[in-house]
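A.B. asks: Chain residues, written in single-letter form:
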Amino acid sequence: MLLDVSDLRTAFRTRAGLVRAVDGVSLRLDRGQTLGIVGESGSGKSVLVRSIMNLLPRSAVVAPDSRVLLDGEQAAMMAPERRRHLWGREVAMVFQNPMTSLNPVRRIAVQLTDPPRYHLGLSRKAARGRATELLDLVGIPDPARRLRQYPHELSGGMRQRVMIAIALSCGPKLLIADEPTTALDVTVQHDILDLLGRLQHERDMAMILISHDLAVVAGRTDRTLVMYAGRVVESGPTATLFAAPRHPYTAALLRATPVLEEPSHGRLEVIAGPAPDLVRPPDGCRFAPRCRYAQTRCLAEDPPTGGDDHGADDHGYACFFPVGTAEGERALAANLSAGRTAAGLDLTAAAAGRSMEEVS
Amino acid sequence: MAGTGKVHLRDADDVVLRAEDIVVDFPAGRRRVHAVSGISLDARVRETVGLVGESGCGKSSTGRAILQLPRPTSGSVVLDGQELTRLRGERLRRTRTRLQMIFQDPVSSLNPSRSVRELVAEGLLIWPSVKGATTATVGQRVDEVLDAVGLDPRMVGDRRPHQLSGGQCQRVCIARALVLAPAVLVCDEPVSALDVSVQAQILNLLEDMKQRYGLTLLFIAHDLAVVKHVSDRVMVMYLGKMCEVAAPDALYSRPAHPYTRMLLDSIPGRATPQRTDRVGGELPSPLSPPSGCRFRTRCPKAAQVCAEAEPVLRAVGTDHFVACHFPDANPIPRQVVPRQVEAG
Numbered sequence: 001m002l003l004d005v006s007d008l009r010t011a012f013r014t015r016a017g018l019v020r021a022v023d024g025v026s027l028r029l030d031r032g033q034t035l036g037i038v039g040e041s042g043s044g045k046s047v048l049v050r051s052i053m054n055l056l057p058r059s060a061v062v063a064p065d066s067r068v069l070l071d072g073e074q075a076a077m078m079a080p081e082r083r084r085h086l087w088g089r090e091v092a093m094v095f096q097n098p099m100t101s102l103n104p105v106r107r108i109a110v111q112l113t114d115p116p117r118y119h120l121g122l123s124r125k126a127a128r129g130r131a132t133e134l135l136d137l138v139g140i141p142d143p144a145r146r147l148r149q150y151p152h153e154l155s156g157g158m159r160q161r162v163m164i165a166i167a168l169s170c171g172p173k174l175l176i177a178d179e180p181t182t183a184l185d186v187t188v189q190h191d192i193l194d195l196l197g198r199l200q201h202e203r204d205m206a207m208i209l210i211s212h213d214l215a216v217v218a219g220r221t222d223r224t225l226v227m228y229a230g231r232v233v234e235s236g237p238t239a240t241l242f243a244a245p246r247h248p249y250t251a252a253l254l255r256a257t258p259v260l261e262e263p264s265h266g267r268l269e270v271i272a273g274p275a276p277d278l279v280r281p282p283d284g285c286r287f288a289p290r291c292r293y294a295q296t297r298c299l300a301e302d303p304p305t306g307g308d309d310h311g312a313d314d315h316g317y318a319c320f321f322p323v324g325t326a327e328g329e330r331a332l333a334a335n336l337s338a339g340r341t342a343a344g345l346d347l348t349a350a351a352a353g354r355s356m357e358e359v360s
Numbered sequence: 001m002a003g004t005g006k007v008h009l010r011d012a013d014d015v016v017l018r019a020e021d022i023v024v025d026f027p028a029g030r031r032r033v034h035a036v037s038g039i040s041l042d043a044r045v046r047e048t049v050g051l052v053g054e055s056g057c058g059k060s061s062t063g064r065a066i067l068q069l070p071r072p073t074s075g076s077v078v079l080d081g082q083e084l085t086r087l088r089g090e091r092l093r094r095t096r097t098r099l100q101m102i103f104q105d106p107v108s109s110l111n112p113s114r115s116v117r118e119l120v121a122e123g124l125l126i127w128p129s130v131k132g133a134t135t136a137t138v139g140q141r142v143d144e145v146l147d148a149v150g151l152d153p154r155m156v157g158d159r160r161p162h163q164l165s166g167g168q169c170q171r172v173c174i175a176r177a178l179v180l181a182p183a184v185l186v187c188d189e190p191v192s193a194l195d196v197s198v199q200a201q202i203l204n205l206l207e208d209m210k211q212r213y214g215l216t217l218l219f220i221a222h223d224l225a226v227v228k229h230v231s232d233r234v235m236v237m238y239l240g241k242m243c244e245v246a247a248p249d250a251l252y253s254r255p256a257h258p259y260t261r262m263l264l265d266s267i268p269g270r271a272t273p274q275r276t277d278r279v280g281g282e283l284p285s286p287l288s289p290p291s292g293c294r295f296r297t298r299c300p301k302a303a304q305v306c307a308e309a310e311p312v313l314r315a316v317g318t319d320h321f322v323a324c325h326f327p328d329a330n331p332i333p334r335q336v337v338p339r340q341v342e343a344g
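From first to last, the protein sequence lines stand for chains H and G.
Under the working numbering, the first residue of the first sequence is numbered 1, with each subsequent residue one higher.
Under the working numbering, the first residue of the second sequence is numbered 1, with each subsequent residue one higher.
Okay, chain G solo, but in the shape it has when bound (with noise of 0.2 Å):
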């Protein structure tokens, strides 16, 4: 898998959102880790693009370098047919309002000594014109928009974090970039410290604000039925690499990647048969991947040619790539069984 590649990149005019080859390096010691080695991705007008994997895989690491927080070692970040990469300063402050990210620790990420609205309105306050407000309506926006997310504004505006739930809280971040009307939010992991109520209750709102407010998602997350159930269209990640990009229900029932699979096989509570060609073992090292396809050393398929040659992306179907020198060529549809609780 160590895919590199772009195959998977679209050429439509609603392309909001294009990284191509992004790098992104970090020094340890006299070493260098290598975080995302070569990740393209774009995202359409309203789509949410999933982006999954585990720790380690440079999933946050990706959708960080698209925020130019930091910049990419390498490669190129394309907003609204603009070049991220390139800006500067004041410049780059500026473009950057329309590009908002969310966490997955909500309360650590809100300021504790401030009230609901002062965190909501920060935003709007240091871009009043980029945003079109004036001082006298940033108090009407945030209301609006902190009545979007679910929040009553008279109850919770003047509340400060610790008075709240870690559900209210991720409402609260959800409600502060949505303030700065921007084109493309990141949600890193939002919904893995929450609760399964209160996930749920957080997806649901993601949906409905990506439909009134026309937003792109790009959606970070381990889980891979949370991924599955807001995405437009999935990434699967490895160490740095691109593995597979498919539309939800391809990648879930015909996985062609032999980590996509795995992956599948290793989520708990499904019927799945007993696999012999399990290969144990745990990520190797970022600081000195594997040679050749990176995926090798945990491979069931692996071959001479995984640690000679790195796989490129290619299509194995519509909309479907990966990048594996032994994809499934004709996978097995993965069993459906519909889940039989009693709707209620």
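Pulled out of the complex, with its shape left as it was, chain H reads as follows (with noise of 0.2 Å):
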């Protein structure tokens, strides 16, 4: 087990109250895996990932006991000096702007040759010579003349490519990529993913990739993680997931999706009301007061994950109705007799018609 979280609680003090952005997040992720974590803004993906990494601002708090366990070694609020040694080392990081990631005022090649000469003692020359090495890898043509560049010599694709390589440079054991391509073009898009795919395999190294694009993530990852509010809503084989989710926030964001193979001009499924408030999360299952298969339990309950746990594919939901499920069908058609569900929500057909934010 190459990395193993559990029970991660990370908060920022604010002037509002402590806003808990990760609650109880556990994940596990083996040698050569690859692990997709989805959400929408403020569900907690880069904040947990952060977490993680030991890359949080002075306002955040880890609760003491939660866990992040790097090839058996706690890495949860680790001593500076030795987090030094894992960055880069161990752990590598992918942002999503290349531009405000890179150093604007040193050449590529300071910037590719620093991380190997700290970490792995390398010499200048033989820094120097990883660097080409490194960059012809991620296919960037004459990297012996865009080493000398700057970084706003280079087109986006291209320095992403770079801080790909610069994540590479100590060859890490787990890379994390943080919404590596959302800056990019489709088409770059595609070849940065079809890059990280192969250095992934060819390296056995460990992958995260956060994406908001549930479709990035679909086609590129063994397992894939969904978080709302902070908290771990689904998690299972990527292809299970998406053929057969089971938690109402992931089949309705599925649903929210324009997808190429259907008409023109349908109607998307929309998520009605605001995402809860992290500095006082609601009762129950976060979801709940935006689901159309609430009940009363859910507004009372917080739902463990269960589901076909520790079954063969090991597909984990926190829902006490999943969707596809005798409970979740009866608790659906149960709503929509009634016109609205337990939280509330208004199930008729004139509130489906009607474009829903409702104001907080």
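The set of hints was computed from the structure by calculation and includes no laboratory data.
Glycine is no exception: its CB is placed at the ideal position from the N, C-alpha and C atoms.
Just so you know, not all the hints are guaranteed correct.
Computed Cβ-Cβ distance ranges for the label pairs, DEER-style [stated by the list, open to error]:
#1 H/E133 x G/R114: 52 to 62 Å
#2 G/M155 x H/R84: 43 to 53 Å
#3 G/H162 x H/P80: 31 to 41 Å
Can you join these two chains into the complex? Each is in its own frame, and there are hints to help.
C.D. replies: Shown next as structure tokens:
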């Protein structure tokens, strides 16, 4: 087990109170595996990986009993000196915007040779040779010339390739890619995702791929984890999760996304209502106020992660009335005939036809 | 693809907007950036025309040129039989109220110090007579349109943009455009900055508003699935030129242009066969675009003729046009995989 996170809780001190950005997340990742994390903005996906990386601002508080084991070593709230050995060498990260992650006033060569010289003790010359190889590896033509250039002289796709080369420079066991292609065009995105997949496979590296775009994760990961309001609502093998989502939030997200294979002008499913307040999250299931399946029980009790949890495909979901099960279908049918859910969400045809984004 | 040509323009009576040979150049030092190089398009009443392409293809510049923001370097834009490129001053501004635009970032396109009611009323207060409103009825019109876009005027009317979510701000932008009763609404990446669930709300809303107000939409976006979802006709652009024009189903099931195919194959999460003819590389500079077909530097089919002659749009099917020397003559229909989510 390369990465073993259990009950990770990260909150931020703000004037409004403690914002519980990540609230009890557990996940496991083996060597060579790829994990996708999806969720909308504010779901806690970036805070989750930044907690794993120890890349949090001072206002963040990680609960003391949170456990982040990286190769068996506790990584949460690690001492800064130790942490420095971890970053780059054991775990590396690729961020969304390569322009703001690269230093604009230093040449690519410097940024690409610093990590191996520090972590691996390579000489300047050896590091330079390695940098050339790395640029070649990530598909940058004419590496010698590129090494002398500054970030602004490269295109967006090239910069992200450089970021990937830097991340790989010390041979990390785990690569975390946080929205690596969100700022890029679709054809470039395709090439970058191909590149990440190829390198991950060749080097038997584990990878966490974070995206708000379900499709990015769909074809590129072994397992997927869906986050909502700081919690994992569903996790499972990617193919299973997309083909037969069990959590109503996952199902709703999939149906809210336009798909090429469907006729034009169809009606997309809307997830009504605002995302919950993370300072005072609702009792019970956090999705219940917006869920078409919600029953009285959902408003009072926090659903544990259950499902086919310990079966062969390890598909887990935190829901009392999962989509596609007898309980779930009964709950939905009852709500539809009543015209509203236990949380008071209007399910009548009139409400469905209207655009709903209630003001909180 | 460097396509020019106007064979795809229609000769129907209900064409409300017709733009021909639009060229947009921007000065860049001593050189010029060729953002749009001879694009023609038209839109019929109540039609949604989707304009799709990657960044730098000129889709936004085309949309702005139609609104004369700025005026195109050359070309003609005819709205309801009136040539916009020759209008000046007050007459242009008055006519332009029939064309409205919404932008990608709803928060930054709203004045942060104004209330929602003020923001929506602004256009009407400038042109009360043009829009048949009097000072007395402006408030009522504003409340009506806020209600139509799904915002309760009593609750949000006095709020300011920072007190609203991104989705709500985009609703305000839509209300602000609709209050002037435009004939054509140009939507420039209206949902790119929004989360999936909010994106769905805005796309549904645009469909509703189109029905309710009889709007014609020019929908500009980089997301092919979104464009397919809203459009009646899709135009694919590359580096300031038109590649392919078709009805959405034809375009997505039988793409004839290599670039359209490349775009479709790039969509993540689709089970596409491993294509070996993919050419890497990125967009060439619009300062000195390639000769002949502008796509040739990334095209798997590129031949000598592509560097020498610019392909012209020609019909390859009913309402299906392509600008390519070697279009897929008998394109293999793409496999259709229905979505497997159970209805709920």
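A.B. asks: Work down the list of hints and note, for each, if the structure agrees.
C.D. replies: Results for each hint:
no. : hint                        : result
1   : H/E133 x G/R114: 52 to 62 Å : 56 Å, holds
2   : G/M155 x H/R84: 43 to 53 Å  : 51 Å, holds
3   : G/H162 x H/P80: 31 to 41 Å  : 36 Å, holds
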